[in-house]
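K.L.:
Here is how the chains run, residue by residue.
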Amino acid sequence: MAGFLERITERWKVYREPGFFKKLDHKWTMVIDLDKCNGCGACVLACYAENNLPVVGKDECAMSRAFSWLRIERYIDGEYPDVKVKFIPVMCQHCSKAPCETGCPVYATYHNQDGLNVQVYNRCVGTFTCATYCPYDVRRFNWRSYKFEQPLDHQLNPDVTVREMGVMEKCTFCIQRIRAAKDKAKDEGRTVQDGEVLPACVQSCPTGAMIFGDLLDPNSKAAKLAKSPRRYRLLEELNADPSVIYLKRVMKEGPSKHG
Amino acid sequence: MDRTITYKEASEDISGIITKTGWKYYAVLTLMAVSAVSFLFLPWAYQIYSGQGVTGLNAPVFWGLYLVNFIYWVGIAHAGTLISAMLYITQTPWRRAIARGAETMTFFALFLVSLFIFVHMGRPWNFYWTMPYPNQRQIWTNFTSPITFDVFAIGTYTTSSIVFLFFGMIPDLASLSHTATGWRKRLYTALSFGWRGTDRQWHLQAKACMFFGAFIMPLVVSVHSVVSWDFALSVVPGYAKTVFAPYFVTGALLSGFAGVLLMLSIMREAYPVMKKYVTAYHYDKVTIFVVVLSLIWSYLTLMEVVTGLYANTSQEIEHLKYKLAISPFSYLFALMIFSNSVLPLLYIFKKLRNSFFGRFIIPVFVLIGMWLERFLIVPNSLSRKFLPWMWHDYSPTWVEYSIPIGALFFFISMFMVFIKVFPIIAIFEVKEDIGIPMRKSH
Amino acid sequence: MKRRDFLKILGVGGVGTGLGYFFGKASKPPAAELIPYLIPPVDVIPGVANWYPSLCTQCSAGCGIHVRVMEGRAKKIEGNPLHPINKGKLCARGQASLQVLYNPDRIKKPLKRRGDRGKGDFEEITWEEGLSLLSKNLTALSEKGETEKLYFVSSQTRGSLNSIINNFMASYGSPNYMQYELIQNKNLLFANHVSMGLNNIPHYDIANTKYLLSFGADFGTTWLSPVNYSFAYGQMRQGEDGIRGKFVQIEPRLSLTGANADEWVPAKPGTEGVLALAIAYAIVEDGYYKGSDAASWKALLSEYSPKDAAVVTEIAEGRIREIAKEFGQTRPSLAIGGENLARYENGMSGIVAVNILNHLAGNIGIRGGVIPNSNGSRTIDFKNNINALATAASASKVKTLLVYNTNPVFTTPKAMKTEESLRNIPFIASFSSFMDETTAMADLILPAHTSLEDWGDDFADPSVGHPVVTIMQPAVSPFFNTVGIGDIILSLAKGIGGKVKDKMQWNDFSDYLKDAWKANYSKDKDMLASALTFDEFWNQLLARGGWWPADQAKVKSVAVSPKGIEAHIAKASSRFEGDEKGFPLYLTTYAHSSYLDGRGANLPWLQEIPDPMTSVVWGNWIELNPKTASNMGIKEGDTVSVESPFGKINAHVYLYPGIRPDTVSMPIGQGHSTYGRYAKGRGSNPIDILPFKEDPNTGELALNVTRVKISRVISSEKMVKIEGSTKELGRNIVQTISPDEFNKMNKEVS
Amino acid sequence: MKYFIAYVSVAVITFALGYKAYGLYFSDLSPVQPIPFSHKIHAGTNKIPCMYCHIYAEKSRHAGVPNVKRCMGCHSIIKTDSPLIQKLASYWEKKEPIPWVKVYNLPDHVYFPHKRHVKAGVPCQRCHGDVANMDRITREVVPFGLPYGMVSPLKMGWCIECHNNEAQKYIGTPVKNGTDCWTCHK
Amino acid sequence: MDNSLLGIFQYVDDLLAAAEKCKKSGYGITIISPVPLVHEIEHTFGESKNPVKYFTGLGAITGYLFGTLFAITTSILYVLPRSGRPIIAIPPILLISYETTILLGVLFTLMGFIVLALAPSFKAKEYDVGLAIDSFGLLVDGVRENKFGDIEKVMREYGANEVKRIEKK
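Residue numbers (this note's numbering), protein chains in the order written: chain W, 39 to 297; chain Z, 50 to 491; chain F, 617 to 1366; chain E, 11 to 196; chain C, 94 to 262.
Among the hints, erroneous ones may be present.
Stated by the list, open to error - Calculated cross-link-like contacts (lysine to any residue; reagent style SDA-like; alpha-carbon spacing at most 20 Å): (1) E/Lys105 with F/Pro1094; (2) W/Lys265 with F/Pro1094; (3) W/Lys286 with F/Val1025; (4) W/Lys265 with F/Glu762; (5) W/Lys65 with E/Lys186.
Derived by calculation from the structure, the hints in this document are not laboratory data.
This structure is a prediction, so every number in the text was calculated from the model and none was measured.
With these hints in hand, go ahead and build the complete structure from the sequences.
P.N.:
Take a look at the structure:
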């Protein structure tokens, strides 16, 4: 009982401070150079392969229930022949002030010590609140018990659970890879080095448009790029403080001078 | 109130509603129960077995018909509380004959509210995780979540309503226990907790009722505003509106009053003896409330749209465009305005209030209109969120249509069982209404 | 409480307990089994992943991969970070090759035809039966002295597999080994051969160029070596020296690569070659060409003045000159051409024109330009193409056909009648692991390993300016009852016996491979320098995934002379089948970024990920300019029939502003009639309605050679696309800055 | 009808008890193995260290069951005449692995690395009980699963308890991020 | 031995007059009625005490404290940060304690009512069926055997229809 009270009083002091969790171990961040991204979709497939995303088929896709945690949005401006096409990969933005996290009644989604917005699949009861609150529409729901047809289930990544019916899920920045890197670093008695953690999408990106790293490490590539004058964040006006940083596309706006 | 009715007559009339049961009643009850099973429970079992995939919900539109019905029934529940609690405190005489019915409606509406929470969940078998209780996992609930607010608000509301309903019934049950026989007698005796009707008991009953009223009255405001925060606390265009709390509360009361009107009208038709106790006088009073609430509601609806337009952001404009013009359900907006803003105003004609039209048609339209209001807010806003790439329409499936309909049947069958067990009109309050017998009349 | 009530309660309690017990029992899974290793494999720790370097065979680029293997099962495929072609990156198709291995529709055992040919009625047989069946057939053929009536058709194989097949065919005595794929870049090879004297594809150094002019080459998804070029594209855009390369794409339909270009030049279909020559003319005329033979170039190109070309190509003269100016003045600049440019009847000449451009701008043999690859030249047989097989088969000159890893029935136009001619062949054996359209015609199916189970090697072409060889090693043990293609051939040789057996004395294909590498090792000085003994070298090879020199070889230059190419430049814009009135729209087809020539359509991942440009999944579509569509009263999602003079197919309409109003475009890859549950019956195959036309010089199939008409039809099938809206609505989702600002910014930063 | 509430509550309570009892006492707490391997003889009498057979415990998340070769390493010499060893040998000769039955089974969504715990110095007995005295491996059970701290019910609260408090015994501090969900969940 | 007398009246003013008379004589009186006569009785006998309010007040305060402490304690027992908000965020705590205030207030009031009003008479038997329907009873306690006649006379005088003797245990 004494220990219990002590714990309460001790923690009260710490946790009354708003933003105490800014004292993070890491602040994983992804920098996406939109000028390099050519929209090829290799990252999308890498995500399917790494995270055991089910293939839902045509009918479910038609209902907008495709499972891609990471999608490439394509926006087209203008009419022929002045067509401007822009690509932007959108995945969970791991907001520091995530709207989804307040919504979950059971703490199935919360912020961890790595600055990640994480989802605990087994805790989820499926109230849909997080997905409704998410301004980026990146959360995906297990509408049914999706089956991996034999023997395609042999490709399932054992580091990631196969989520059951009724559970919300989303991009985790490949947290299993972060965990593996930390594990390795711990074995070797050091901290995680820059470039050691690569989410599947970053690893595969053929143009090298995606860079992943720790924002708290000032020497990391991502931290340097994050200071680029081209930096912006998606829907920044919502003040969700996302961890994904985009670098502006270099492109002439407006109609070109050629007829 | 007809002052020529004797106390004995009143007692007999009302206990007659409980005891005199014809074959028609059983037929209707059976029909309702069977419908409830086939429309609600079987599809629900199917949905639990195969997952939320059987609904029309999809990636941006995660909240659909179930949540609409959840809010709707919370709204229906409100009039009961208002009539019984607020009007009790103000000692408004006309509440007496209709309060019990309204409270009963509240009780069963709240029952459906919990039902729809379960129906809309992805893993309803884990619903208890949303409630804070000591467990071996040492994990509690998130108190910043509007859903947790809901759990507390609706939990409190349900508990208070049950307490209020049964508390108010104690004198009646005691009175019934004297005449009833068999299991009824045992039930009434047990539930009357030894009520005798002494002056001290009456005195404390009055005081306690006053406190209940005082506690429950804030709930009228708080519960539906808490429900509105499920939406208003998000950032979704169409949800994040500061006007939502009063808007939802007003709408709730409007639909609740319409529900009370309709319920009373049906009961009166089914039990003509009730016409003695629920009279044109009551319709007069309740319809005035409907008119006033309808006017407030219209104003708030207008403001909801106008403030969106005034914001003039792409998000708000696209959302409004979709809601009013593009959505496959946009034509329902006109129906909503017609039934919630136009039709209730007809109640200003005194003749209409107690006519068939006023007793049945307008309440039905208001009930539909209020359902539409929630429907037009919930899925439509989600169809047009921030990133246009993810825009997607929502079309409910048969399961989603069937479960709310079944829930209505379930509501009716529960109500029908209730009126066969408990007095649907408060006997002692009706007697009070008739007047206390004095040798020298006042 | 009465005794009876007590008993009742006791009863209720008992029933409750029992129910609880059984409910508990039913709801808890039974204990799992723990299967230990019999003998623990070396270097395998359960729960810890092993990574095996290997080779990706999903297209001809030859990327190096790493296969993540846990407990004997391949879990993921990633790029090999050491590999110079893909530098650790991998495209969607390559990553999806995992599903080739674990595909539920794989042929799990040798099959023998039971019913009618092409009906898909097979019975399972054993490998001994299957191999003896085929070797008996071949023995019979050779006894009759008709060895030349054995035909072998495969995809464009390279390295040891190519050599063992050649070996086998030679020792058997048949000259008829042909390679066929829909996309084989023969036009490019031929053009480079005639204009630059190269026998392979040079390295296009996109990474270091400052001005990239691409004629229809969709190098981000399908052209030659997409991963390499994508990486290079990223380098070019944000290169280390901070100068952002400019990129202009010339094509009638904006491809994924084109969508990333700074400028899109929508030249009229079939006139891209003319446009290239007009730009060349402007370069010479406006004096950006510094060579001594300017006059003879001018004379050669005199027919292609920008003014005239402007009429033909529908690109303004000013713009042509502007491109010429930028291309001629920016150092280094680079012109590439392929795909659309090369898919006309005279497609080869378009690439010659592109080579002229590179020569005139002085881009050949410099960093950031065209770098000839010095290593191994492959001999391309420009005559022995699929049409030769079809003709021979129709004339009953083919007795036995062996098919490996290619699907001519699907990838040739109906007008060519491949299927009918194959019916004339008495015996067809397929080594495919999948029931594709050609395999369905076979009498005997001997399923070969997929690339993750087999040995092999590959000499990348195009390489990156220096030799790159990749080794393919089995990452997992065979999943089904299949045998490696090399081993099948060796067993066949043994089965046939005689001199074939004598010439092919290897135990298995891995021995063959090792022998081949011993030869390479003893020949190559660089390789000798890299390790002490062959065994060490071999181990290094397997550990790294291949061999490539540590430092880049010296760049050598070649010139294009006006004389050599005179015969090969386009005389006019390409011809199209179908008269303009009846068939008002040009049809351009393109290889889909996921399915390529149709081989990826059986992989659920590739079906599920949206097409990058249209976001359509699980189906096929036809792209139409919104203006054209509104003129015809067609809405998005409508089904239309696409009719050419050679046939008619149905497709769903996708409205795409990035296409010329007089052009429609369809991706290749869907429309399989067999090929597994995921591919079957999805959309239609545009190759079906093409005329049979090939480039006369190279024999490469021309895909953009017909006009079509479209009309609405009613269909219950729906097109499924992922996108909601493609308009940004001023929400600043993809924010941009102008190139000028960017350059200013870069200066400030540096 | 009189005791309706009593009936219902008795039914509910007994149902819960039955359910719990199955999980505690009747589920496969001590499954029968294909070869009745005795830890008592190996780990107890002969004092063979755990890691001698469970070779992966310090390298991987799985502790691993000994491979058949390891068994045969000793038993091609020792007690070769025992019928059980002959059964083992027959597996070896048939080149078939032995289908051992899992005793400690964690759900799929739990990530439990043996490596981390072994390296932190948590003795195997802490979770697996006094294996050296068990003829057949049995998961220890205390009535109603209480107290959680003492045995291994493999429940979340039990893990947390150790991460928060008992870890001090092994590493001097509570486990860093020991109560973060993604430390143990996947 | 003390016993009670129950007079059954038809009219309330008769009853009140009789009650007033009895009370003045020093008898303990209880009025039993099918409808609340709160105002009438107050008019005659003056306002009486209301002990329920103490229960209510206690419930409300307990509820408020419970809600606040519960929300705070549970959120720091197992810390899971979310959304840039402090672990102990005040606004939701206010809302939760608002609801628990009401909840416990209601429950305590009910409890108070049961304890004060119902529990004492839980085992009491009924005196007359009519008292629950349409007649009013005046129960006079502590009447000695020899005074029965007097009281009965008084009641009859004021218009009682019937006077019963009630035996109390």
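K.L.:
It remains to establish, for every hint, whether it holds in the given structure.
P.N.:
Hints, one by one, checked against the model:
1. E/Lys105 with F/Pro1094: holds, 19 Å
2. W/Lys265 with F/Pro1094: violated, 50 Å
3. W/Lys286 with F/Val1025: violated, 46 Å
4. W/Lys265 with F/Glu762: violated, 73 Å
5. W/Lys65 with E/Lys186: At roughly 17 Å apart (the allowed maximum being 20 Å), E/Lys186 and W/Lys65 satisfy the hint.
In this structure, the hints that do not hold are numbers 2, 3, 4, in rising order.
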